[in-house]
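S.K.: Whenever a hint applies, use it, and build me the whole structure from the sequences.
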Amino acid sequence: RKEVEQDPGPFNVPEGATVAFNCTYSNSASQSFFWYRQDCRKEPKLLMSVYSSGNEDGRFTAQLNRASQYISLLIRDSKLSDSATYLCVVSSSSNTGKLIFGQGTTLQVKP
Amino acid sequence: EPEVTQTPSHQVTQMGQEVILRCVPISNHLYFYWYRQILGQKVEFLVSFYNNEISEKSEIFDDQFSVERPDGSNFTLKIRSTKLEDSAMYFCASSRDSSFNQPQHFGDGTRLSIL
Numbered sequence: 028r029k030e031v032e033q034d035p036g037p038f039n040v041p042e043g044a045t046v047a048f049n050c051t052y053s054n055s056a057s058q059s060f061f062w063y064r065q066d067c068r069k070e071p072k073l074l075m076s077v078y079s080s081g082n083e084d085g086r087f088t089a090q091l092n093r094a095s096q097y098i099s100l101l102i103r104d105s106k107l108s109d110s111a112t113y114l115c116v117v118s119s120s121s122n123t124g125k126l127i128f129g130q131g132t133t134l135q136v137k138p
Numbered sequence: 018e019p020e021v022t023q024t025p026s027h028q029v030t031q032m033g034q035e036v037i038l039r040c041v042p043i044s045n046h047l048y049f050y051w052y053r054q055i056l057g058q059k060v061e062f063l064v065s066f067y068n069n070e071i072s073e074k075s076e077i078f079d080d081q082f083s084v085e086r087p088d089g090s091n092f093t094l095k096i097r098s099t100k101l102e103d104s105a106m107y108f109c110a111s112s113r114d115s116s117f118n119q120p121q122h123f124g125d126g127t128r129l130s131i132l
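Heads up: the sequence lines are chains A and B, in that order.
Count the first sequence with my numbering and you get residues 28 to 138, in order.
Count the second sequence with my numbering and you get residues 18 to 132, in order.
Everything labelled a hint here was simulated from the structure, so no lab data went into it.
Please note that a few of the clues may not be correct.
As the list claims (entries may be wrong) - Under 7 Å between C-beta atoms, here's a sample of chain A residues computed to sit facing chain B: (1) Glu70; (2) Pro71; (3) Ser121; (4) Lys125.
The beta carbon of each residue, even a glycine, is placed where N, CA and C say it ideally should be.
M.R.: Take a look at the structure:
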């Protein structure tokens with residue numbers, strides 16, 4: 028089983044649509060969870076941390092289910108500028124800061 | 018907003034040559050990292066560095082790789098004898114600490130092309 032697994036997509040949605048991405052991770056001892064965004068050939072940029080209680084930042088909502096080792100990201104009212112690859116990222120259990128990245132899910136928002 | 022800076026943005030090197038990639042982490046950050054991303058693949062961890070020591074390294078980070086913080090501001094990655102398969106984007110990152118939910122901030126990367 029991959030350490031962090033995502034559906035690579037691509038997800039093609041119209042502007043204004045709601046889209047959800049899922050991610051599963053294999054190490055139950057992982058403590059920190061993030062969604063990063065990566066534009067083509069650019070660096071990963073932090074979108075949001077993911078907390079056990081779930082958290083929201085504007086149009087973005089992240090959920091964590093530790094029992095199922097499952098993380099989700101919901102984007103409401105998609106904008107053209109949301110087009111990017113969304114990376115599910117999980118910390119290792121080693122407490123050295125090592126991050127483990129999923130392969131990413133590509134989103135294309137069309138007018 | 019403070020950011021991580023990396024130089025050069027693009028490095029082209031002959032196979033077998035040494036290359037040094039440079040990074041200036043965010044000034045109050047204490048933990049430093051290198052990751053790489055081969056074209057079309059996922060981002061992979063190389064090494065984490067704290068208190069002038071490597072705290073963890075991956076299998077990729079073999080004897081050809083080394084890291085250094087020579088002067089309190091720069092953080093460098095050296096590849097001694099480059100191979101074709103070292104061609105990738107190399108990202109430096111830093112964080113205040115490695116504790117729970119402390120995010121890492123990434124530089125905009127160095128594209129390394131080995132000929």
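S.K.: Find the hints from earlier in the document that the structure breaks and name them by number, from lowest to highest.
M.R.: none
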